[in-house]
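Chain by chain, the residues run as shown.
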Amino acid sequence: MIPELGHFALVLALVLALVQAIVPMIGASRNRLALMAVGRPAAQGQFFFILFSYACLTWAFIQSDFSVQLAAANSHSATPLMYKITGVWGNHEGSLLLWAMSLSLWTVAVTVFSRNLPDAFVARVLGVLGWVSTGFLSFLLVTSNPFERLLPAVPDGRDLNPLLQDPGMIIHPPLLYMGYVGFSVAFAFAIAALLSGRLDAAWARWSRPWTTVAWVFLTAGIAIGSGWAYYELGWGGWWFWDPVENASFMPWLLGTALMHSLAVTEKRGAFRSWTVLLAISAFSLSLLGTFIVRSGVITSVHAFATDPKRGLFILALLVIVIGVSLLLYAWRAPKLGGGGSFSLVSRETSLLGNNVLLSVASASVLLGTMYPLFLDALGMGKISVGPPYFESVFIPLMTPVVVLMMFGPFLRWKDDDLAKAVRKVAPAFVASVLIGLGTAYAVDHVSWRTVLGLSLAAWVVLASILLLVGRITERAGAAMGARLRSITAAWWGMWLAHLGVGVFIIGVTLVGSLEAHVDVKMQNGQHAELAGYTFTFRGVRDADGPNYDAARATIDVTRGERAIATLTPEKRLYLAQGMPMTEASIDIGPFRDVYVSLGEQIEDGSWIVSIYYKPFISWIWLGCIMMGLGGVFAAADRRYRRLAAREATVAANQRVA
Amino acid sequence: MKARSKRLMLVGGGVALLVAAVALVLSAFQQNLVFFHTPSEVAEGKAPTGKTFRVGGMVEEGSIRREADGLTVSFAITDTARVIPVSYRGTLPDLFKEGKGAVVQGKLEADGTFRATEVLAKHDENYMPPEAAHAVEQAAKAAETVSQ
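If you're matching them up, the sequences are chains G and A in order.
Here the first sequence is numbered in the working numbering, starting from 1 and rising by one per residue.
Here the second sequence is numbered in the working numbering, starting from 1 and rising by one per residue.
If you're looking for bench data, these hints aren't it; they were derived computationally from the structure.
In this text, all values refer to a predicted model and were calculated from it rather than measured experimentally.
Worth double-checking, as some hints may not be accurate.
Cut-off 30 angstroms, straight-line C-alpha distance, at most; resulting in silico cross-link-like pairs (BS3-like, lysine-lysine) [stated by the list, open to error]:
id : chain 1 : residue 1 : chain 2 : residue 2
1  : G       : Lys420    : G       : Lys267
2  : A       : Lys141    : A       : Lys107
3  : A       : Lys97     : A       : Lys51
4  : A       : Lys46     : A       : Lys107
5  : A       : Lys6      : G       : Lys267
6  : G       : Lys382    : G       : Lys309
7  : A       : Lys51     : G       : Lys382
8  : G       : Lys335    : A       : Lys6
9  : A       : Lys6      : G       : Lys414
10 : A       : Lys141    : G       : Lys309
11 : A       : Lys97     : G       : Lys382
Excised from the complex, chain A in its bound form (with noise of 0.2 angstroms):
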């Protein structure tokens, strides 16, 4: 084999495989996004059911109870204007309180209640989480809007 066409055949096959390295890198992107949404555009029917998406904001305060078998909580996820319901069966984290900012991620059941696979709060006591954050922020926004 001549030299060039070896080396034809080197950068040939290096592009082959990048090319086929980065598809695969896209779709798994494309297929994996989770997307969020703010309490509201949950209440308003914005949100997909059957796919998972999170929805960040504070925890009601007085929405937390637990079911008989002491491990299924439901609890309230608000944005101040709207209220998610939320289920949840496992240990919450350290720092899920009433009144504080969490995530929760999950799926929409089809009576409107979340059911929630993963719930996420702060790390430490200032910190907010910045979904939770945006979606009160959004509220907020939308209410001066009617408002004026």
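With the rest of the complex left out, here is chain G (with noise of 0.2 angstroms):
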């Protein structure tokens, strides 16, 4: 029965995303109130029906209800309550209700926080995601139906894939489709402004935070994934260009340059139609990414065979989103009419080069993980595209990136003078390239890309150094408190988040040159040796869990005389699907990781040991984090909602007059 209800809540929940995709629209373009106002309950009821299905299947799982198709496919009586929760989004047709859930979550936040918007442009907004929700809602229900029933039920389910029963599942996927899919309300802004002609700084200003939000997520969902891949996956790597994480990689790009072009936007009224090109294709690709994760495109091109209404619907609804929102933007954008005009040597002209290459970068990864797709989906032959693609695309294109991202910000908006710009930052770039070569020197390992990589992240430390310094001496005069009370939250997010990037880079090019790996044969009592470290071997014993047995090692990890850790590596087999798991151990520290994980056990009774040493790769997520607080910090900025009380009470005086 409860089955059956989420199925129905989902159906009425699509009526109601047609009532929101159709009334406002209709209402905006007559100047109907009434008809507009219909836009914010039907999407708040809309949100509630989906929260309700969603709880009705969640409780299928926990309940192990195996007469429902999707419950017997990816849970297990003995699978632990949390797993059981979040195996509701472990599968295709959950995962899409996710999505549809958050969908619907950020129309709400829409409904909730934009009280001080014109109306019109409320109603637009509410009914562009309208028709987005009403597209996903019907692919779940004709195609993807997660309430089908399995009848005769099965006695006990098929459980998770192990892969995903981990703390990291728990965040991961919420957090990624937040980000994917708040680039919707960036996009329906978008399209609410073509449709009304209304496209300005005001408009910029709108749309700002709610695209910091939602790459603020999108940055914690890859970094997470990326942490998890490295500590689930058991062979110590980071980040592998995998298709599924480039899914995620080319939105996040391509908001990266949305937030900066809207910057400009709003403070120039330059780069319009630029800003709301960007904004489509970014949700484009959040559409595109989606899909090809979750259509089965990626895992076999097959796929789209075995159930050809499923691929087909992808197809289609992509082509509606990608094809109506370029023709109204060609029919549209020309009359957007240009921006403040700048000269060759300003800010808009730093932050354009950013957006090009950005926008490159995007469009390389998409190539490299479309083209192989197409090739073979034309039967033209199999290829594969690795990390050496990305990462020979990837340094000479990010270069010139950060180098930018740190000279901008030293020059001013419209117009500035290049020599004295140069003059302000030369010493710091000169020195950056010296601590480069210098630290490349000193951690013996000189090769172009450490260099190159150390003197990028010296290059953004010195240059956030000069620019916090600078913007601290501005007001000659006030007291240093009143000085710092000045700057702005967003000033602090931009700096934040840049910095960032320069930690990041540390993490990334120390662990890249100076990991060390090993694999050993090794049997009580025996040691082994790297990079300075002792691992001594002390046996295995079973530590079977609730759906899986288990074998435990125990390894010391000493340096010299000194204990440093005692690790656990595992080796698991998962009982419902007789899938071996291997868990690794870590010891996490500030400037290095050291990672065990445990093989195959081979005929003279001896393990199969990996052994890691990476240095700085915390860096990489300590980076992470430094971008999105910086995220957190932009969108937070008081100006927002000053402005925003400020044309609320302008709005409010029209009314009354």
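Each chain sits in its own coordinate frame; assemble them with the hints.
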């Protein structure tokens, strides 16, 4: 009964989505307030029904109701409660439902935080979001019904894929989806602006916090996914340029470009068409990403053949979204008019340069991800594009981005004197190159990659310091406290996020150049050495869990006489699927991780052990945290609230008049 | 500088940047493609020597053998028609088993052994790497053509 209720609630949500898609749009074009006002309650009602439906599905998982196909395929009576709950989104149908739910949550957020925006504009934004939701809910209902019954019911389920039975699974997908889907708000704002013809600084100011928050979610989601892969896959890598990762990285790159382009549109009114195009592209890539991950195109191109309905629906939805928005863009964009003019040497130019580079980077990831799929789909042979391609493209593309990123803030808007700006940063630039060279010599790893990476990181750090000092000394005379207080949250956000990029580069460079790895055969009491650490194997014993059997090794790590850690890597066998899993054990430190994973046992009773030394790897995630926090500061800037309040007063006065 | 020539410089600079970036991307793409070959193609000498490529198929039953060091493994990959000997040093993926699908990436040695630098197996019990499935399919097709 409960699954049917969930199914029915989903149908009701679809009906409300259609209402939300059509009625406010008509209201906006005919200027009828009553029709526009339908948008908010329709969106909120839709959220209620999707939430209810989601709760019903979760109930089926918790109760181990194996007459529901999805629960039978992705859960098991012995699965820990946490993974029963998260197992709901560990599959195609459930994760699409989570997608629809995050979209609905964002829409509700728009209904709540848009009190100060013009009614017609909000009506159009909700209308666009309603259409997106309609597309998704019908996709769910027509091709991927999560409440499909399995009759007769099976006695027990097949369990969730063991790789997904991990704390990472609890937070990674929801965060990632909040990020992916969050770009739909920026997209809806852009389409609403195209429809109304109002595409000005105020529009950019409204879009900015939404875009930034979505970007923060996406950053956090990607970073957690990367951390998860690092400790769960058992071989110490943190990024694999895997199509699934690329699917989230492409919208991130364009989202980053969009945030910066919106800044220019707000401050200077320039780049309007470009900003709109970025908003459309970022969301299209989010959709493309969701679909290539979720349609099974990636694990096997033949998923299209096994269920052609799903594949076709996906393609149709993509073509409609991209096609309609680009048509609208082609029709309306020429009428938008240019923005403020700017000279060749200005902050605008530096931001434009980075925008172009980020877009090219995103396009190169798209090429590397999609080309093999196309070739295969057309039957023209099988190829794969691996990390070497992405690395050889990314280093040259990102180097100028990082240099410009720290140079741009020194330039004034509109017009500046190049010679003066260069004089300001030249010492820092030269010092960075020297630091890069010096550090590479000091760590005894002089390759062009190490030198480049360390120089870039030094450049980011030194330029950040210069920037802060410049900002503080700008207002001579005032007290230090007053000077610091005069700096806005948005500025701190920018500063911290950019510094985060530097920290990230330090992590990537040092772990890339200095990491060490050895595979050894070990028996009780045997030692192995790596990077100055001694690893002593203390035997293996049983450590069975609720739904798996496990062998747990104990390995003592010492450095000279000093005990560092006792690591306990496991080899598990998940019973329901008979699937083996490697559970690595890591001693995390600020300057290095020591990482051990257990291979297989061989005939003579000894075990294969993989030992990794990962210097500075935590800095990768520290950098991501700083970027994310920077985004939080930027979105929390008082300016948005103050201006919103002022606009509300103006709007209220107009209404009274 | 006039507004027009300024814009011209901006656009020109942008286009030059774009062209350089696209050229970089395409050349990197060209150099780093990894092609896939079936065991039959490798056995017939259609695969290049000294260049990295991928081979996929089933791990032949009874073919996994460990060297004395315990770390070097040799096994054979087959598409049911031809068999390619593979050697690999390192830890194997959890789901690497005899009789199951696998894809190896590496180079072909002069003696006909494939020296793998990477071994990919599936992510769950049901999933067969598409390349491996493809190789077996091709071999089955070829066998049909021969018997007819």
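Hint check:
Distance check on the hinted pair: Lys420 (chain G) and Lys267 (chain G) sit about 23 angstroms apart at the alpha-carbon level, within 30 angstroms; holds. A distance of roughly 26 angstroms separates the Cα atoms of Lys141 (chain A) and Lys107 (chain A); the hinted pair therefore holds under the 30 angstroms criterion. Under the criterion of a C-alpha separation no larger than 30 angstroms, the hint pairing Lys97 (chain A) with Lys51 (chain A) is consistent with the structure, at around 27 angstroms. For the given pair, Lys46 (chain A) sits about 13 angstroms from Lys107 (chain A) by alpha-carbon distance, which is consistent with the 30 angstroms threshold.
Taking the CA atoms of Lys6 (chain A) and Lys267 (chain G), the gap is near 21 angstroms; set against the 30 angstroms cutoff, the hint holds. Straight-line distance between C-alpha atoms of Lys382 (chain G) and Lys309 (chain G) comes to about 24 angstroms, which keeps the hinted pair within the 30 angstroms bound. The suggested pairing of Lys51 (chain A) with Lys382 (chain G) holds, with an alpha-carbon distance near 16 angstroms, which does not exceed 30 angstroms. Under the criterion of a C-alpha separation no larger than 30 angstroms, the hint pairing Lys335 (chain G) with Lys6 (chain A) is consistent with the structure, at around 23 angstroms.
Under the criterion of a C-alpha separation no larger than 30 angstroms, the hint pairing Lys6 (chain A) with Lys414 (chain G) is consistent with the structure, at around 13 angstroms. For the hint pairing Lys141 (chain A) with Lys309 (chain G), the CA-to-CA distance comes to about 27 angstroms; that is within 30 angstroms, so the pair holds. Restraint check for Lys97 (chain A) and Lys382 (chain G): the C-alpha separation of about 24 angstroms stays at or below 30 angstroms, so the hint holds.
Going through the hint list in order, the structure satisfies each hint without exception.
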